[in-house]
Each structure stands twice: as structure tokens, then as C-alpha cells.
Amino acid sequence: MRLRTAIVVASAAIMGSGLIAAGSAAATPAAPGLHVQLDQQADPSNNGCVPPPLGADGKPLPPPLGPDGRPLPPPSDLNGQPCPPPPA
101 MRLRTAIVVA
111 SAAIMGSGLI
121 AAGSAAATPA
131 APGLHVQLDQ
141 QADPSNNGCV
151 PPPLGADGKP
161 LPPPLGPDGR
171 PLPPPSDLNG
181 QPCPPPPA
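The number in this note's numbering is simply the position in the sequence shown, starting from 1, with 100 added.
Quick caveat, the hints were computed from the structure, so don't treat them as lab data.
Fair warning: this is a prediction, and the values are worked out from it, not measured in the lab.
Cβ atoms here follow ideal geometry from the backbone N, Cα and C, with glycine treated the same way.
Mixed in with the good hints there might be a few duds.
[Stated by the list, open to error] Distance windows between CB atoms, simulated:
id: 1; residue 1: S176; residue 2: T105; range: 50 to 60 angstroms
id: 2; residue 1: L172; residue 2: N146; range: 16 to 26 angstroms
id: 3; residue 1: N146; residue 2: S117; range: 42 to 52 angstroms
id: 4; residue 1: R102; residue 2: P152; range: 58 to 68 angstroms
id: 5; residue 1: I114; residue 2: D157; range: 36 to 46 angstroms
id: 6; residue 1: T105; residue 2: P160; range: 54 to 64 angstroms
id: 7; residue 1: G118; residue 2: P174; range: 36 to 46 angstroms
id: 8; residue 1: P153; residue 2: L178; range: 18 to 28 angstroms
id: 9; residue 1: R104; residue 2: L178; range: 48 to 58 angstroms
With the hints as constraints, model all of the structure from the sequences given.
Structural data, given as C-alpha cells:
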């Protein structure tokens with residue numbers, strides 16, 4: 101009986117700490133960079149194409165690699181056409 105009570109108390113403590121952590125994470129504002137990306141997606145002039153992420157040197161990063169190790173295809177716009185390459 102004591103073991104069962106200990107298990108119930110321990111699981112309640114774990115669940116309570118998880119709820120506290122989830123609440124504080126939900127109250128944290130999103131990163132400012134995310135807002136910039138969402139604003140650019142909403143801009144009708146780019147037709148859904150977002151600019152590629154930039155590295156520390158200000159140049160676009162290479163395309164990410166897929167599970168097979170090859171680069172992923174370029175992103176597509178809202179019409180299914182490939183997005184234009186980034187300006188050099």
C-alpha cells in the first residue's frame with residue numbers, strides 16, 4: 101500500500117512539474133526572427149517564397165541535406181513553381 105501511494109505521489113509531482121514547464125514555455129514570446137519570416141510569407145509580392153537563411157557572413161546557407169544525403173529540392177511558391185534563387 102505504501103508503494104502504491106509513493107507511486108501516485110511521485111507521478112503527480114512529475115505531472116505537476118511538466119505543467120509548470122509547459123505553462124512557462126507557452127508564455128514565452130516567439131523569437132523575433134520567426135516574426136520576420138512570417139511577415140515575409142504574408143507579403144504577396146514574393147508569392148510565398150521566403151528568403152533563405154543567412155550564415156554568419158551574410159551569405160545564404162547551402163540547401164539542407166535530405167535523409168539520403170543529397171540536397172533537398174528548392175522550395176516552391178504558392179503556385180507550385182520553384183522559388184527563384186537568392187541574389188548573389
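May I ask which of the numbered hints given earlier this structure violates, with the numbers listed in increasing order? none
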